[in-house]
Amino acid sequence: MTTFLIWLIAFGVIAYFVNQKWHSGVSCGLDRMLPSVMKSHGSNRYLWVGTLAVLGATTLVRPVEVLLVAILLVIIGLVVMKLAEWASSMAH
Numbered sequence: 023m024t025t026f027l028i029w030l031i032a033f034g035v036i037a038y039f040v041n042q043k044w045h046s047g048v049s050c051g052l053d054r055m056l057p058s059v060m061k062s063h064g065s066n067r068y069l070w071v072g073t074l075a076v077l078g079a080t081t082l083v084r085p086v087e088v089l090l091v092a093i094l095l096v097i098i099g100l101v102v103m104k105l106a107e108w109a110s111s112m113a114h
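Residue numbers (our numbering): 23 to 114.
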């Protein structure tokens with residue numbers, strides 16, 4: 023129960039500050055990193071605020087799990103890239 027309360031408090035604080043700083047830097051930073059389909063246009067603002075708050079709160083409460091998930095995603099991404107390169111070379 024304590025972990026859940028800490029997560030809720032962290033979620034609220036992060037969501038508040040991301041929402042406050044949205045126009046002064048958060049949306050610009052997201053737009054530089056993301057492909058054009060995922061850009062943070064006006065209708066996506068609260069979706070991105072919630073997403074960043076969930077990621078931030080989870081990273082604060084359970085950093086080891088987030089690190090392991092990031093490592094797994096990188097490994098899966100590398101495998102998919104290698105398979106795509108291999109399939110592309112076989113198609114030519």
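These are calculated hints, taken from the structure and not from any lab test. Treat the hints with care, since some could be wrong.
Said to hold, decoys possible - Simulated DEER-style distance windows between Cβ atoms:
#1 42 / 94: 29 to 35 angstroms
#2 104 / 26: 38 to 44 angstroms
#3 114 / 86: 14 to 20 angstroms
#4 68 / 88: 21 to 27 angstroms
#5 42 / 114: 16 to 22 angstroms
#6 58 / 31: 31 to 37 angstroms
#7 46 / 91: 15 to 21 angstroms
#8 23 / 107: 44 to 50 angstroms
#9 68 / 107: 24 to 30 angstroms
#10 69 / 23: 44 to 50 angstroms
#11 98 / 27: 17 to 23 angstroms
#12 107 / 80: 49 to 55 angstroms
#13 68 / 90: 38 to 44 angstroms
#14 77 / 27: 17 to 23 angstroms
Beta carbons are placed, not taken as given, at the ideal position from N, Cα and C, and that holds for glycine.
Structure-based check of all given hints:
1. 42 / 94: 29 to 35 angstroms: 33 angstroms Cβ-Cβ, so the 29 to 35 angstroms window holds.
2. 104 / 26: 38 to 44 angstroms: 40 angstroms, holds
3. 114 / 86: 14 to 20 angstroms: Check failed, 43 angstroms falls outside 14 to 20 angstroms.
4. 68 / 88: 21 to 27 angstroms: This hint holds: roughly 22 angstroms between Cβ atoms.
5. 42 / 114: 16 to 22 angstroms: At 52 angstroms between Cβs, range violated.
6. 58 / 31: 31 to 37 angstroms: 35 angstroms, holds
7. 46 / 91: 15 to 21 angstroms: Check failed, 30 angstroms falls outside 15 to 21 angstroms.
8. 23 / 107: 44 to 50 angstroms: Because 48 angstroms falls inside the window, the suggested range holds.
9. 68 / 107: 24 to 30 angstroms: 38 angstroms, violated
10. 69 / 23: 44 to 50 angstroms: 28 angstroms, violated
11. 98 / 27: 17 to 23 angstroms: 33 angstroms, violated
12. 107 / 80: 49 to 55 angstroms: For residue 107 and residue 80 the Cβ distance comes to about 33 angstroms; the hint is violated.
13. 68 / 90: 38 to 44 angstroms: 29 angstroms, violated
14. 77 / 27: 17 to 23 angstroms: 19 angstroms, holds
Of the numbered hints listed earlier, those contradicted by the structure are 3, 5, 7, 9, 10, 11, 12 and 13.
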